[in-house]
Amino acid sequence: MHRNHTIRYLLAATLLLGAGCKKDFLNLDPETAINGNSFYKNETEIKQAVNGAYNILQPLGSESYWMFGEMRSDNTCFQYDNVDRGHEQWEFVDEFLVGATAECISNLWKNSYIGIGRCNDVLDNIGNVTLSDSARNQYTGETEFLRAFHYFNLVRQFGDVPLRLTTITSPSQTLSKGRAPVADVYKQIIADLTDAAGKLPAHYPSGEAGRATSGTANALLGKVYLTQKDYPNALAALRKVQAAGYSLLTSYADNFDPNKKNGPESIFEIQYLGSQTGLYSTFMYTFAPWTSGSAVTGDTKTGIAGSGSGWNIPTADLIAAYEPGDKRRDVSLALGFTDASGVFQHIPYCKKYNHGFTDVGRTNDNFPVLRYADVVLEIAEILNEQSYVGNGEAFDLLNQVRQRAGLARKTAADLPGQSAFRDAIFHERQVELAFENHRWYDLLRTGKAVDIMNAHGAREKAAKNYIPANAYAVTTNRLLLPIPQTDVNLDNLTQNPQ
Numbered sequence: 001m002h003r004n005h006t007i008r009y010l011l012a013a014t015l016l017l018g019a020g021c022k023k024d025f026l027n028l029d030p031e032t033a034i035n036g037n038s039f040y041k042n043e044t045e046i047k048q049a050v051n052g053a054y055n056i057l058q059p060l061g062s063e064s065y066w067m068f069g070e071m072r073s074d075n076t077c078f079q080y081d082n083v084d085r086g087h088e089q090w091e092f093v094d095e096f097l098v099g100a101t102a103e104c105i106s107n108l109w110k111n112s113y114i115g116i117g118r119c120n121d122v123l124d125n126i127g128n129v130t131l132s133d134s135a136r137n138q139y140t141g142e143t144e145f146l147r148a149f150h151y152f153n154l155v156r157q158f159g160d161v162p163l164r165l166t167t168i169t170s171p172s173q174t175l176s177k178g179r180a181p182v183a184d185v186y187k188q189i190i191a192d193l194t195d196a197a198g199k200l201p202a203h204y205p206s207g208e209a210g211r212a213t214s215g216t217a218n219a220l221l222g223k224v225y226l227t228q229k230d231y232p233n234a235l236a237a238l239r240k241v242q243a244a245g246y247s248l249l250t251s252y253a254d255n256f257d258p259n260k261k262n263g264p265e266s267i268f269e270i271q272y273l274g275s276q277t278g279l280y281s282t283f284m285y286t287f288a289p290w291t292s293g294s295a296v297t298g299d300t301k302t303g304i305a306g307s308g309s310g311w312n313i314p315t316a317d318l319i320a321a322y323e324p325g326d327k328r329r330d331v332s333l334a335l336g337f338t339d340a341s342g343v344f345q346h347i348p349y350c351k352k353y354n355h356g357f358t359d360v361g362r363t364n365d366n367f368p369v370l371r372y373a374d375v376v377l378e379i380a381e382i383l384n385e386q387s388y389v390g391n392g393e394a395f396d397l398l399n400q401v402r403q404r405a406g407l408a409r410k411t412a413a414d415l416p417g418q419s420a421f422r423d424a425i426f427h428e429r430q431v432e433l434a435f436e437n438h439r440w441y442d443l444l445r446t447g448k449a450v451d452i453m454n455a456h457g458a459r460e461k462a463a464k465n466y467i468p469a470n471a472y473a474v475t476t477n478r479l480l481l482p483i484p485q486t487d488v489n490l491d492n493l494t495q496n497p498q
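Residue numbers (the UniProt record's numbering): 1 to 498.
If you are wondering where the hints come from, they were derived from the structure by calculation, not from laboratory data. Among the hints, erroneous ones may be present.
[As the list claims (entries may be wrong)] Only pairs whose alpha carbons sit at most 27 Å apart, straight line, appear in this in silico DSS-like list of lysine-lysine:
(1) Lys-327 with Lys-410
(2) Lys-229 with Lys-410
(3) Lys-199 with Lys-240
(4) Lys-187 with Lys-177
(5) Lys-410 with Lys-448
(6) Lys-41 with Lys-199
(7) Lys-187 with Lys-448
(8) Lys-110 with Lys-177
(9) Lys-199 with Lys-187
(10) Lys-448 with Lys-229
(11) Lys-260 with Lys-240
(12) Lys-229 with Lys-187
(13) Lys-448 with Lys-461
(14) Lys-240 with Lys-229
(15) Lys-229 with Lys-199
(16) Lys-240 with Lys-187
(17) Lys-260 with Lys-327
(18) Lys-448 with Lys-464
(19) Lys-187 with Lys-110
(20) Lys-47 with Lys-177
(21) Lys-199 with Lys-47
[What the hints assert, rightly or not] Computed Cβ-Cβ distance ranges for the label pairs, DEER-style:
(22) Ala-420 with Thr-338: 40 to 46 Å
(23) Lys-461 with Thr-494: 45 to 51 Å
(24) Phe-426 with Ser-38: 48 to 54 Å
By construction, the Cβ of each residue, glycine as well, lies at the ideal position given by its N, Cα and C atoms.
Kindly produce the complete structure, drawing on both the sequences and the hints.
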């Protein structure tokens, strides 16, 4: 059964809706402007606004999500460029040295709140438009899901964050009420996702694939509850996903093939369209070693050099995590490339999103956000946390994922207790979901981030002479990113201690 996924983004109007500003200082609406006074009049315009709320996921997916979800973890790093130092702050993310003035931190914060603002615009205006009950429920549920998704990312990266739930309609509303406590942010996330799950359809016609479904909302809700260690509610939400008709694909590689987008295992993906200007992806180029020329991309007309490439490079720790015979390794990464002179260069790179180009500099790869394999492993983890049962359902779920990867089943003889099974799930998630932006959040929610990242950092510094001496000094404070300094200054926010 094919589920959600492949939105046809309507950009001409929707990109103008995100700021939430209704009037200029003269209270005049220019004839060429689209704003709240001239928009939100019918279903077509509501749908355009909802599509605009989805659209902000593209720039977030192209930079922020992998940078802070994957490269900040022990899974990936960067290829050092001693000539082009244009993205030094990206290196600092990996090394736990990034500061409050870094553009990459500002981009994560800014684009997340742009997305939240677009959701608020829809939710504040949809009540004024004549819609069928099914259409109203769908558009409300979609924007509630997206708002919850943004806040879930923000609260895990920054801790307390401003909770903006209404459209800004006047300068007096520009300042927030300050940073809302983490508990309040989670309360809102859960409220949004619970309502969305009840309103969203289970699936869409093929032409509307790509939109959030009830399964999407429940999958994220289960992850939220799991993060809070609320195992009963997490299991209840994930059981609904389990019953919704998703399934593991026979081939792991098919999950990432642009010709097989949005398949039975896909719960939610960031949609990119390689054929359309402004909607294509570029992961293959960004993740290729900057010294690889066209050897990795096959694109002889796009130069791979400089600070735009060489990111999200697999670490020695990640490569070593794959068991012998694991089919996922060769789908996910390469150990190097053969250069133009025929010499093999031992510089690994991520190839999970390497499927050629649709045009010079453009690719058609989507980015997976939620996959059914993630849900399967989460249910196994929860069952074990509730009560270890040797060779019980949790083992069956773990082994579904392992056997697809060509690995032997695990039994109670291999994993004789709760702690051993917990470690096995943690390991399995690292290799199954590598390069899909789950690793950092798994480190956080399991309480392993400080120890693992300090040990990882010690190995990195021993192997690489360009890493600063003060890198990877990971403390509990440094698990949160600094609030962008501009927002600290303009919005009177307190800064996270580093």
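Hint check results:
no. : hint                             : verdict
1   : Lys-327 with Lys-410             : 17 Å, holds
2   : Lys-229 with Lys-410             : 25 Å, holds
3   : Lys-199 with Lys-240             : 14 Å, holds
4   : Lys-187 with Lys-177             : 17 Å, holds
5   : Lys-410 with Lys-448             : 23 Å, holds
6   : Lys-41 with Lys-199              : 22 Å, holds
7   : Lys-187 with Lys-448             : 25 Å, holds
8   : Lys-110 with Lys-177             : 17 Å, holds
9   : Lys-199 with Lys-187             : 19 Å, holds
10  : Lys-448 with Lys-229             : 15 Å, holds
11  : Lys-260 with Lys-240             : 25 Å, holds
12  : Lys-229 with Lys-187             : 14 Å, holds
13  : Lys-448 with Lys-461             : 20 Å, holds
14  : Lys-240 with Lys-229             : 18 Å, holds
15  : Lys-229 with Lys-199             : 26 Å, holds
16  : Lys-240 with Lys-187             : 21 Å, holds
17  : Lys-260 with Lys-327             : 19 Å, holds
18  : Lys-448 with Lys-464             : 24 Å, holds
19  : Lys-187 with Lys-110             : 22 Å, holds
20  : Lys-47 with Lys-177              : 30 Å, violated
21  : Lys-199 with Lys-47              : 16 Å, holds
22  : Ala-420 with Thr-338: 40 to 46 Å : 41 Å, holds
23  : Lys-461 with Thr-494: 45 to 51 Å : 32 Å, violated
24  : Phe-426 with Ser-38: 48 to 54 Å  : 52 Å, holds
In terms of the numbered hints stated before, the structure departs from hints 20 and 23, listed from lowest to highest.
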